[in-house]
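Peer 1: This is what each chain is made of:
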Amino acid sequence: MRKELRGVYSIWLREIIKFYRERIHFASAMTTPFLWLIIFGGGMGINLRTGVITSGYNVFIFPGIVGMTLLFTSMRSGISVIWDREFGFLKEILVSPISRTSIVIGKALGGATNALLQGTLLLLLSFIVGVHISPLNMIRIIPIMLLISLGFDCFGLFIASIMDSFEGFQTIMSFIIMPTFFLSGALFPLKNAPGWLQTLSALNPMTYGVDAIRGIIIDQSQYSLNFDLLVLLVFSSFMLFITSWIFNIKK
Amino acid sequence: MYAIETTNLTKKYKTLTAVNNLNIKVEKGKIFGLLGPNGAGKSTILSMLCTIVNPTSGSATVNGYDIIKDSAKVRQSIGIVFQSISVDDRLTARENLRFHAMLYDVPSKIMGGRIKEVLQLVGLTDRADSLVRTFSGGMVRRLEMARGLLHNPEILFLDEPTIGLDPQTREHIWDYIRTLAEKEKLTIIMTTHYMDEADLLCNDIAIIDQGVIKIRDTPEHLKGFLAGDNIIVRTKFPDQLATGLFGQDYILQMQASQGTLSLNVKQGSMNAVRIINSAQDLHIVVDSIDIEEPTLHDVFLHHTGRQIREEGDDNFISMYKRKRRGR
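Just so you know, the protein sequences line up as chains F and W, in that order.
Going by the numbering used here, the letters in the first sequence line up with residues 3 to 253, in that order.
Going by the numbering used here, the letters in the second sequence line up with residues 4 to 330, in that order.
Excised from the complex, chain F in its bound form:
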């Protein structure tokens, strides 16, 4: 067990070292959420006068944009498996004595750390777009962000392990990422949405992540916080399980 934990740690550490060496990517990744918040949120908000959003549109979409950032970063971190495979390094990891499950956990934690840093930075900069979050609430949001990240990290790793090219991975990613984002209630309340859209959104684990964060920040939520957490926990565990399983298959 100690050996496995050390293995998880070493895989995580490698992701962090590489991530640190490419910190310029971090800065560029942070521009997307601000484009959404400032340009989309600013431009759209003025024109929206609906009784459902009582908090101001900027504030309303903020949790959605946090969720989007976590989603994009986590899912894309799966690409590291394709890099590692392409450059042969995956073999070094796969022939080591540690279990495949530890490999998946280490990789997922590496991606989650990256996503979590982006999410936290976003929370800290929320005052720029007029959102006020108390320090206590920030701390409450972090475990939710971690669950979201881990779940989608494993999802990204799962896709990466069944795809054998960058192109394939990117194609599948855009098929999954955008619907997941749009169907999560990130940009509009689901309450008044058509029935089919509500059904699809209810099947989307991201919905519960956005709902939980929104509940904490502006006290508007569709489900109870406990229910949101339960769904996220089940989702993350399930993704970890099937991703470990697919990593365990030997050719």
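One or more of the hints may lead you astray.
Selected chain W positions facing chain F (in silico; Cβ < 8 Å) [what the hints assert, rightly or not]:
| no. | residue |
| --- | --- |
| 1 | 71 |
| 2 | 73 |
| 3 | 75 |
| 4 | 79 |
| 5 | 102 |
| 6 | 105 |
| 7 | 179 |
| 8 | 273 |
Rough simulated footprint, nothing fancy, chain F against chain W, three-plus residues with beta-carbon under 8 Å [claimed, not checked]:
| no. | stretch |
| --- | --- |
| 9 | 48 to 61 |
| 10 | 89 to 98 |
Cut-off 27 Å, straight-line C-alpha distance, at most; resulting in silico cross-link-like pairs (DSSO-like, lysine-lysine) [said to hold, decoys possible]:
| no. | chain 1 | residue 1 | chain 2 | residue 2 |
| --- | --- | --- | --- | --- |
| 11 | W | 28 | W | 76 |
| 12 | W | 112 | W | 188 |
| 13 | W | 31 | W | 76 |
| 14 | W | 72 | F | 5 |
| 15 | F | 93 | W | 269 |
| 16 | W | 76 | W | 188 |
| 17 | W | 239 | W | 28 |
| 18 | W | 76 | W | 33 |
| 19 | F | 5 | W | 76 |
| 20 | W | 31 | F | 93 |
| 21 | W | 112 | W | 15 |
| 22 | F | 20 | W | 119 |
| 23 | F | 93 | W | 72 |
| 24 | W | 239 | F | 93 |
| 25 | F | 93 | W | 188 |
| 26 | W | 119 | W | 188 |
| 27 | W | 33 | W | 186 |
| 28 | W | 15 | F | 93 |
| 29 | W | 188 | W | 33 |
| 30 | W | 33 | W | 112 |
| 31 | W | 269 | W | 239 |
| 32 | W | 33 | W | 72 |
| 33 | F | 93 | W | 33 |
| 34 | W | 188 | W | 31 |
| 35 | W | 186 | W | 15 |
| 36 | F | 20 | W | 112 |
| 37 | W | 269 | W | 33 |
| 38 | W | 17 | F | 93 |
| 39 | F | 5 | W | 226 |
| 40 | F | 5 | W | 112 |
Derived by calculation from the structure, the hints in this document are not laboratory data.
Treat the numbers as computed from the prediction; the structure is a model and nothing was measured.
Ideal Cβ positions, reconstructed from N, Cα and C, are used throughout, including at glycine.
Assemble the complex: chain F is given as a structure, and chain W must be docked to it using the hints.
Peer 2: Chain W in isolation, oriented as in the chain F frame:
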């Protein structure tokens, strides 16, 4: 106990039988070479022994551990240098080694010292903190060998250790392999399709073709097994000389062509004199005479009925560079 012991080890891919009922035992402390053309099944055997691939049937033990039931123990007790590059070129040499040490649970206390030791062994001490992407192909190979040794394995697997390297670098790598075998008291299992490499490094060779071992012995015995030496006589009248020599009991084979007569004879160095004497008796001027002892190439040809294929010998460095550019 043997370092490696296989029992009817077989691997089938759909219609292709890559390895067919392999039974080998390798003693500890040997440098064992699997020699064969590309696609002969060498890498598949290695992959099974390293527990990367499961056999279709049969079994094997590595250091006494079963490759299916005790794969974690097998992995802990072996070091592997893959045919293609498997270091992270965006980390430094030391970081690559540290990562490996942690994965193989080398105790933190001895980790630093051991890393220093293996770096020294492969002569990379002064480049320890450079990013691997600045390394040459030979340096990458040496780093990979250092990494394979880091956790004190009992067996080191080398899959085509010098493929695609330039001749000078290859000789360096050979020196390092010999040093490692001596200093670290290792069993080395290597695959190669280079005859000279197998001849120089290995003290136990199995020639493999189409998933089956054709013959196995020391390089000296393998070469001694071939009856004759090759003699090439250059003269203006090869046909006349051939007629004159016809029927001599030491000649096994003879072929005349434009300006040369190629012979396969018993005890070449002794009988070359007799050939020259016969030529003088026939008043045929001999321009030159070459005696060649058989090489592993001839051994291979003899046992498989064909030349070892050299094509498809992908230059792994150029492949690597090409890939790296796209990054």
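Peer 1: Does each hint hold? Answer for all of them.
Peer 2: Here's how the hints hold up against the structure:
1. 71: 10 Å, violated
2. 73: 11 Å, violated
3. 75: Result: holds, 5 Å to nearest chain F Cβ.
4. 79: 5 Å, holds
5. 102: 5 Å, holds
6. 105: Interface hint status for residue 105 of chain W: holds (4 Å vs cutoff 8 Å).
7. 179: Since the shortest Cβ distance to chain F is 20 Å, the answer is violated.
8. 273: 52 Å, violated
9. 48 to 61: holds (count 5)
10. 89 to 98: With 7 residues close enough to chain F, the hint holds.
11. W:28 <-> W:76: 19 Å, holds
12. W:112 <-> W:188: 23 Å, holds
13. W:31 <-> W:76: Cα-Cα ~17 Å, so holds.
14. W:72 <-> F:5: Roughly 19 Å separates the two Cα atoms, so the pair holds.
15. F:93 <-> W:269: Violated, at about 49 Å.
16. W:76 <-> W:188: Holds, because 19 Å separates the two Cα atoms, which is no more than 27 Å.
17. W:239 <-> W:28: 52 Å, violated
18. W:76 <-> W:33: 21 Å, holds
19. F:5 <-> W:76: 13 Å, holds
20. W:31 <-> F:93: 26 Å, holds
21. W:112 <-> W:15: 44 Å, violated
22. F:20 <-> W:119: 23 Å, holds
23. F:93 <-> W:72: 20 Å, holds
24. W:239 <-> F:93: 59 Å, violated
25. F:93 <-> W:188: Roughly 25 Å between the alpha carbons, so the hint for residue 93 of chain F and residue 188 of chain W holds.
26. W:119 <-> W:188: 18 Å, holds
27. W:33 <-> W:186: 13 Å, holds
28. W:15 <-> F:93: Roughly 21 Å separates the two Cα atoms, so the pair holds.
29. W:188 <-> W:33: 9 Å, holds
30. W:33 <-> W:112: 31 Å, violated
31. W:269 <-> W:239: 24 Å, holds
32. W:33 <-> W:72: The hint holds at about 25 Å.
33. F:93 <-> W:33: Holds, at roughly 26 Å.
34. W:188 <-> W:31: Answer holds: residue 188 of chain W to residue 31 of chain W is near 9 Å, not above 27 Å.
35. W:186 <-> W:15: Given pair residue 186 of chain W, residue 15 of chain W is violated - Cα atoms ~38 Å apart, limit 27 Å.
36. F:20 <-> W:112: 25 Å, holds
37. W:269 <-> W:33: 32 Å, violated
38. W:17 <-> F:93: This hinted pair holds, its Cα atoms lying about 23 Å apart.
39. F:5 <-> W:226: Not OK: residue 5 of chain F and residue 226 of chain W at ~48 Å, beyond 27 Å, violated.
40. F:5 <-> W:112: 15 Å, holds
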